[in-house]
Amino acid sequence: MRSLATLVLGVLLVVAALGAGGALAEDDNAEDGGEAIRGTLTAEGEPVPGVTIVAFDADGNEVGAGQSDDQGEWRIPMPGPGEYSATLDEATLPDDVELRDPERGTLEFSLRTGQERTLLFPLGEDERVLARFLPRASQALLNGIIFGLIIAMAAIGLSLVFGTTGLVNFAHGELVTFGAVMAFFINVAAGPGSLLWAAPVAVIGGAALGAGLERGLWRPLRDRKTGLIQLLVISIGLSLLLRNLIQLFYGGRSRPYLDYAVQQALQFGWVRITPRDLIVVVASLIVLSSVGVLLLKTRLGKAMRAVSDNRDLAESSGIDVKQVILIIWLMGGGLAALGGVFLGVVENVSYLMGFRLLLLMFAGVILGGLGTAFGAMVGSMVVGIVTEMSTLWFSTELKFVWALAIMALVLLLRPQGILGVKERIG
Amino acid sequence: MDFERILIDGLRAAVGPEAVIYALAAIGLNMHFGYTGLLNFGQAGFMLVGAYGVSITVVTFGGSMWLGILVGLLAAAFLALLLGIPTLRLRADYLAIVTIAAAEILRFVFRSSAANPVTRGVFGQQQFADAFYAINPIPEGAYGFWLISFGSHRRLWVIVVGWGLVLLCCLLVWALVRSPWGRVLKSIREDEDAARSLGKNVFSYKMQSLVLGGAIGSLGGMVLVIFQQQNHPDIWLPLVTFYAYTILILGGPARVFGPVAGSVIFWFLLSSFDTFLRQARATGVVPPELLGTEALGAIRLATVGLALMLLMAFRPQGIFGHRREMQLDV
Amino acid sequence: MSERSSASPPVVGPLADVQPEPGVEKPDPILVAHNVRRSFGGLTAVDVAHLEIQRGIITGLIGPNGAGKTTFFNLMTGFDRPDRGEWRFNDESLAGMPSYKVARKGMVRTFQLTKTLARMPVIENMKLAATEQTGERFLVSLIPPLWRAQEQAIEDRADELLKRFQLHDKREDFAGTLSGGQRKLLEMARALMVEPELVMLDEPMAGVNPALVQSLLQHVKGLRDEGRTVVFVEHDMDVVMDISDWVVCMAEGRIIAEGTPESIGNNPAVIDAYLGARHDEPEQEATA
Chain A
1 MRSLATLVLG VLLVVAALGA GGALAEDDNA EDGGEAIRGT LTAEGEPVPG
51 VTIVAFDADG NEVGAGQSDD QGEWRIPMPG PGEYSATLDE ATLPDDVELR
101 DPERGTLEFS LRTGQERTLL FPLGEDERVL ARFLPRASQA LLNGIIFGLI
151 IAMAAIGLSL VFGTTGLVNF AHGELVTFGA VMAFFINVAA GPGSLLWAAP
201 VAVIGGAALG AGLERGLWRP LRDRKTGLIQ LLVISIGLSL LLRNLIQLFY
251 GGRSRPYLDY AVQQALQFGW VRITPRDLIV VVASLIVLSS VGVLLLKTRL
301 GKAMRAVSDN RDLAESSGID VKQVILIIWL MGGGLAALGG VFLGVVENVS
351 YLMGFRLLLL MFAGVILGGL GTAFGAMVGS MVVGIVTEMS TLWFSTELKF
401 VWALAIMALV LLLRPQGILG VKERIG
Chain B
1001 MDFERILIDG LRAAVGPEAV IYALAAIGLN MHFGYTGLLN FGQAGFMLVG
1051 AYGVSITVVT FGGSMWLGIL VGLLAAAFLA LLLGIPTLRL RADYLAIVTI
1101 AAAEILRFVF RSSAANPVTR GVFGQQQFAD AFYAINPIPE GAYGFWLISF
1151 GSHRRLWVIV VGWGLVLLCC LLVWALVRSP WGRVLKSIRE DEDAARSLGK
1201 NVFSYKMQSL VLGGAIGSLG GMVLVIFQQQ NHPDIWLPLV TFYAYTILIL
1251 GGPARVFGPV AGSVIFWFLL SSFDTFLRQA RATGVVPPEL LGTEALGAIR
1301 LATVGLALML LMAFRPQGIF GHRREMQLDV
Chain C
2001 MSERSSASPP VVGPLADVQP EPGVEKPDPI LVAHNVRRSF GGLTAVDVAH
2051 LEIQRGIITG LIGPNGAGKT TFFNLMTGFD RPDRGEWRFN DESLAGMPSY
2101 KVARKGMVRT FQLTKTLARM PVIENMKLAA TEQTGERFLV SLIPPLWRAQ
2151 EQAIEDRADE LLKRFQLHDK REDFAGTLSG GQRKLLEMAR ALMVEPELVM
2201 LDEPMAGVNP ALVQSLLQHV KGLRDEGRTV VFVEHDMDVV MDISDWVVCM
2251 AEGRIIAEGT PESIGNNPAV IDAYLGARHD EPEQEATA
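Protein chains in written order, with our numbering: chain A, 1 to 426; chain B, 1001 to 1330; chain C, 2001 to 2288.
Since the hints were made in silico from the structure, they are not lab data. Just to be clear, a hint being listed does not mean it is correct.
Stated by the list, open to error - Below, in silico cross-link-like pairs of lysine-lysine (DSSO-like), each with a Cα-Cα straight-line distance of 27 Å or less: (1) Lys2101/C <-> Lys1186/B; (2) Lys2163/C <-> Lys1186/B; (3) Lys1186/B <-> Lys2105/C; (4) Lys225/A <-> Lys322/A; (5) Lys1186/B <-> Lys2170/C; (6) Lys322/A <-> Lys297/A; (7) Lys2105/C <-> Lys2026/C; (8) Lys1186/B <-> Lys225/A.
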């Protein structure tokens, strides 16, 4: 079961990066050389004593517990580096104090060797109830649009590859991760400020990886008349392989880029956006509209859509189908890599980021109608917005559930997707 | 390099609870994929509801573990119905996406704080299988035979009951697939429109297959948590399903004992490979700083992925299967 | 292939007095379609105002590519749903009935691209098709004594049919190893295991080695001679003229003509529909 634990670690890590990132602060001042977590509990400026905090390892085993003292301070020695979660026992809080955000009662985090880490459990009145609905809704909508744009960019290749070859590529998420990680290594090696040119290099890398997979793997398999279901299972193996190769080089931790890590948010009316997120939005819009223009206006784009609509017909009308598919892989790989860089900028870089995005990409692609690029864009925007807007009413832990549930519902009611055309049977 | 150690560790896993658990999961998948052609990628979800059927019944509601097993089986059957009604009419690839999504939805929901009162969320549930160990007739001690270690009497008890369960499931599958019922399943795998044109209610048979295979998979989930005496949502990652598929392809789909052989071989290889890597590190063949615990896990998983790719590309009929049969794949 | 077989001449008796005009009423129809319409995204594939299929004869369904013949088959057998319309088999409405129930009612179809079950032996292909097998029920299947006798009877019947269709020496082979013509034969023999009243054959000669065509034609006639009704789609006019007792011609989804083979050959509407149409190429529509 050790292997399971390894993956559990990774997933916890991602969720930690997503859900609790803001509440974690790092502190490398180890007092006794051993790993530990600590913190100070205060509400309205007053220390809160006698509150129990329990730490668990990735498998959910209790590894330690502690209580806040009269200064509100607490400390729990930990058994070693790794992935953990810590939970504040709400039952031990005084009656007039509660968690400011009820979902932050459990924090997930990773510990390095010798690290002593400070965890914040913000106490006081629930801020979320106080915030007015419309501003919060606008902010969630904006976050959803950012997320949706990133999913859309990453998902175009997935959809076009399906449309042209019938391959349901479970390894598409790893193209996203590859782009993000490649940009990370360049960024770290070349120092702050390098992300601007690291991103295009990562896009080229992603395109090369996509094309390489097509030439070295998928085309030979198709030539051998390998069945589509076999190909699907092979793509799952490939996903496992690539993801863990990336982990081997990158490690299991989730890290930010050197650039744009901390920024002051700009306020526009009800919504706040950091300059880096603004750049991501503008760049995504430019890239996506360029893809749209490419598909609609150029010969190449028309050929792509023709191959996607009816491969045999396209082939008989003189289109070099193999060439078109190769270009789709180039484009899809590059876009996925760029989506990965943007996702790394907005959140963090981790070896699991692409796999986590995969189901959401599928949701977007299916919502929009498998095989169409514009469908993938529309569907992905829906997925991104639903994901973020759901946090207005429901727990953030469940935000992906709604997107996946909508996908299932769409398959039930309209299997061809929002923009898809009903296929003829028989 | 201690090759005997490598062999011993491999054998220990090959006969151990891991092999039992994954054999059960893969027998269920064999029903789905091997015989019916259903691409269920949510087997982890069936295992999850089986496992939580046991742990919730005991921990949350204070019921008996045996009742919990029944609850787990019923929950798996219910999940199959819930999942099957909308999805069994879909194409195979859609089914794969929806089932993996459903399993992930279950995991997210079970680990959410909203579910805390019932599932204890990320804390998981512990100590619910005492009833199983209470009836253990094996005297206390450590057991083994030749190079094969069975571990403690508790582990041996899980092994004995587990393999018994595997054998029973194989017997059930064997009896089913040689009957006209099994013939209908295989016809659906080959071409469901043909089966329809001959008067077979394809949907009903797919559903029966989904329920049966899901229930067998849920047994695997129960064995896992009963063995570990703890249950946690993040045990049930998509990776569990991927392992089960690798095992199924390894042993050969649509063969009654394929999943069993596959699981034994898979865990033998995986564990001995693990020990091999650890020894390579310990003896300095590979510099230890290059091969941390994290790297070990990554290498292991990457190898599984590569094996799955190679098997599916070159021997989709499994290592024992006949080439002839799979060449007809359409 | 224009050689006429004299063994069983066309059955004209019951239809001798029927006028050769589209949608004409027939003395003893087994299948009646009325106002059946199916369109795909604005394109009308089938729009049949009225059609009756006479019991006990061979009806040929012809028409240029894209005339809607296969779609019409799909609609009648429950493999596709029409936008509107009704159709009755043995005076029972089939609208909304799933395809497997249609088959059980006694209307069985074959496919243009043969759907043999590749990784199952020929004999298993045959045995599968028998209806009302008790051993196909989940719990019963676990107790072989409950179904063994029936299984044996089915197997005997299957063997008989395999002999009749010259497939008996392939009995244990995987169906996927058969030649194109043998697959067509297997599909036809398998359809007979259902004991259908009406057999709908979608291009039974497509892709078949010419040497086998005559044998296939004899088998089709054999179906009629043992009292079954046959409807078949075919492109080869010689074949149609050879074995049909009645011919229906479709174009752009509509029935444009019907009549005896002789009258159809001279029908100006039919000639019009075929002019410029590449009727020698197999139809593309059923490959989706």
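Results for each hint:
Between the alpha carbons of Lys2101/C and Lys1186/B the distance comes to roughly 20 Å, so the proposed pair stays at or under 27 Å and holds. Under the criterion of a C-alpha separation no larger than 27 Å, the hint pairing Lys2163/C with Lys1186/B is consistent with the structure, at around 25 Å. Straight-line distance between C-alpha atoms of Lys1186/B and Lys2105/C comes to about 23 Å, which keeps the hinted pair within the 27 Å bound. For the hint linking Lys225/A to Lys322/A, the alpha-carbon distance of about 15 Å falls within 27 Å, and the restraint holds.
Taken as a hint, the Lys1186/B and Lys2170/C pair is honoured in the structure, with Cα atoms around 20 Å apart against an allowance of 27 Å. The straight-line distance between the Cα atoms of Lys322/A and Lys297/A is roughly 21 Å, inside the 27 Å bound, and the hint therefore holds. Annotation: proposed proximity of Lys2105/C to Lys2026/C holds, straight-line Cα distance about 21 Å (limit 27 Å). Among the hinted pairs, Lys1186/B with Lys225/A is consistent with the structure: their alpha-carbon atoms are about 22 Å apart, no more than 27 Å.
Checked against the numbered hints above, the structure violates none of them.
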